[in-house]
Amino acid sequence: MTAQRACGGVLLIMLYKGREIVPARFGAEIQARWERCGRTPVVLLDMSIPGLAVARHLGRPGIPVFALDTKNQHWTHASRYVEVLSSQEFRHQDRLISIVREMAASLEEKPVLMPLHDDYLRFVSNNRHELANYYRFVLPRPDAVESVIDKYKFYQVCLQQQWPAAQSYYPSNGEQVSQLSHHVVYPAIIKPIESRSWQTDSASAFLKGRKTVTVRNPQELLYEYERLSRIDSRLIIQETFQLHKFWG
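If you're matching positions, the sequence shown starts at 147 in the working numbering and goes up one per residue.
Read the hints as simulated data drawn from the structure, not as lab findings. Any given hint could turn out to be false.
Straight-line Cα separation of at most 25 Å, DSS-like style, residue types lysine-lysine; simulated pairs [unchecked claim]:
#  : residue 1 : residue 2
1  : Lys337    : Lys297
2  : Lys337    : Lys256
3  : Lys354    : Lys337
4  : Lys299    : Lys217
5  : Lys337    : Lys217
6  : Lys297    : Lys256
7  : Lys337    : Lys299
8  : Lys337    : Lys357
9  : Lys354    : Lys256
10 : Lys217    : Lys357
Computed beta-carbon distance windows for the label pairs [stated by the list, open to error]:
#  : residue 1 : residue 2 : range
11 : Arg282    : Tyr316    : 32 to 40 Å
12 : Ala351    : Glu255    : 40 to 48 Å
13 : Glu255    : Phe352    : 43 to 51 Å
14 : Pro196    : His328    : 34 to 42 Å
15 : Pro310    : Arg226    : 37 to 45 Å
16 : Thr386    : Asn272    : 31 to 39 Å
17 : Arg241    : Leu368    : 37 to 45 Å
18 : Arg362    : Glu276    : 42 to 50 Å
19 : Arg226    : Pro196    : 35 to 43 Å
20 : Gly208    : Glu248    : 19 to 27 Å
Just so you know, these numbers come straight off a predicted model, no measurement behind them. Ideal Cβ placement from N, Cα and C applies to all residues, glycine included.
Can you build the whole structure from these sequences, using the hints too?
Right, dumping it as structure tokens:
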């Protein structure tokens, strides 16, 4: 089955072979249309709300924008400024790197690559040397990337650099939570060390879209920790940030 999709006068042809997706090369006519755009194309990895904002910002002045997303027919895809290619195949890194490689190879000009989700950021970081042959992007060192994705590592960086940071606890089991529950300053929040563990379909349904869970006393802390640890046991208990402790 062949699906043809248009964006800004540029035709992108995707060949679907069962579960395999292979971006076909642009023909001479399509290449000519790209050249007439006069702008470097941009490929976004993820098309949630931040992706929609970026697509609008870039698309309005005429920059060609494409996005790869695992969500199918999501409302953030409904923009004239971006052409979204969605597939569950993008969840698999070996397939994703093959697809983004082929996509870039179809263009005469090296596109800009923008990862807009933790998983995609790690994907680009881990494959930076290979992807640099096909895309333009800017990334810090791999350890810096991991420090941003992993909240425990980021908290350790804050402590080392003496940056203001809310008091955080990283219990490994319910017994530790019970011990510290009377020392936590409430209200506090519970959140995952890595956001992606709460972004699965089942977790999102359970959490009703929440990114953090607020607790106001030891009883709520113990109750919510027990529930949330079923999704992912790697949780953070974080006190509310008190600005006056740092700036008076």
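field: Numbers of unmet hints, in rising order
entry: Checked against the structure, the hints that fail are numbers 2, 4, 6, 9, 19, while the rest are satisfied.
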